[in-house]
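**Q** Since the structure of chain C is provided, determine the placement of chain X on it from the hints.
Listed below, chain by chain, are the residues.
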Amino acid sequence: MTNVPLSARRGNKFGISFFHWALKVFGINRPCEFVWVICLYYVIFDREAVKAAMPYVRRRFPEAGRLRKMWYVYRIFVSNGQALVICAANVKSNRVSLEFEHFERAKQYLESVPEGMIIITSHFGNWQTAMTNLQNDLGRPISFLMQPEQNGAVLEALRHNPAQDKMRVISTDSEMGGMLEVMEAVRTGHVVCIMADRAMNDRTSEVRFFGARARFPYTAFFMAAKLGCPVIPLFVVRKGKKHDILKVSFGKLIYPVLRGEKNAAEIMSPYVGEYVRELENKAKQYPFQCFLFQDVWDFKTEKT
Amino acid sequence: MSDANSAAKEKMFAELKAKLVEWLSLDDVMPEEIGTDDALFGQGLGLDSLDSVEIVVMLQREYGISTKDISRKKEVFTSVRTLAQYILDNRTE
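Read top to bottom, the protein sequences are chains C and X.
This note's numbering numbers the first residue of the first sequence as 1 and each following residue consecutively.
This note's numbering numbers the first residue of the second sequence as 1001 and each following residue consecutively.
One thing to keep in mind: the hints can contain errors.
Distance windows between CB atoms, simulated [stated by the list, open to error]:
#1 X:Gly1064 to C:Asp173: 30 to 36 Å
#2 C:Lys262 to X:Ala1007: 36 to 42 Å
#3 X:Ser1025 to C:Gly189: 28 to 34 Å
#4 X:Ala1004 to C:Ser171: 50 to 56 Å
Because the hints were derived from the structure by calculation, they are not lab data.
Each residue gets a CB set at the ideal place from its N, CA and C atoms; glycine is no exception.
Chain C on its own, in the form it takes in the complex (with noise of 0.2 Å):
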């Protein structure tokens, strides 16, 4: 299985820059409705792509037939388009508003402790602009663990943000993934924003996801056990046709121990599942923002 996501090796610098002209000249609505015209290219002829978003199809709506799941897979490319033009739209002119839900959970948190604390987001609606907008409202700095070559969308959006200095990526590509830079970052008080849905190594525990086995990372949840500090799930989506307001809702926050003689994958277990739910329960509510991806149920193939 490779590990280059499939949303950075799509679009060419053409389209990203007819889509920031369109944005210009006919704000958020009118370039997110033709996204619905470009993504029926990649659902005819990206197999690839189709490959990659059909186990969570399948999964999400097993008494789908086969062209009704295809529409499904339509559905989550324009959602997945659409997510980057507002990223794009709010880069440029911060046109996003962010309704937050249970926003109080991350914030006594980091108003009762000098040290920082995991964010653990997903690829799931707008997760890029929600990221890049949460410094100003938690009042703290926040680092972003990522492959910043895959993420040209969250790049891009904190080159624009005027709290740019605040805010700053810590590579996985770097020497030893950036877990380092992580443990200083958690101990100075940042905010360390983890991706917790796509397995990119052999750190993953087993956890049940729509009602089978399925293989989820536990890096974020080992972290925090090594650091004495939560981690809180964040899930940001579109609510209904509107393209300018997401919900940003806050989870439960966890707090992984590691005890025991077990392997860390199974201690970790509980604490992969309580996000993994919540994961669920969002992609029940909102199918078509979750952006997986992934075969995560695919136990044959090892990840390296």
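**A** Same frame as chain C, but now just chain X:
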């Protein structure tokens, strides 16, 4: 280098190898199988990024070494030799 210094280092190498096996749960590795100059990460012992976190916590708990500075000194994690030298230079316990 004095004999005392050399003996202290050898003792630290052996101690550190045993602690690495214990802390990282390297069930299929014996401490004496770890070469003092073998690379800890990648090709050598094959540790990964999360193991580096475990090593930092071990240094803190076992030797009282602050995590503050070590996160900027990745060269310390090259081998048992470099790690041992760092401990000898910075230990507080």
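**Q** Tell me, which hint numbers fail for this structure?
**A** 4
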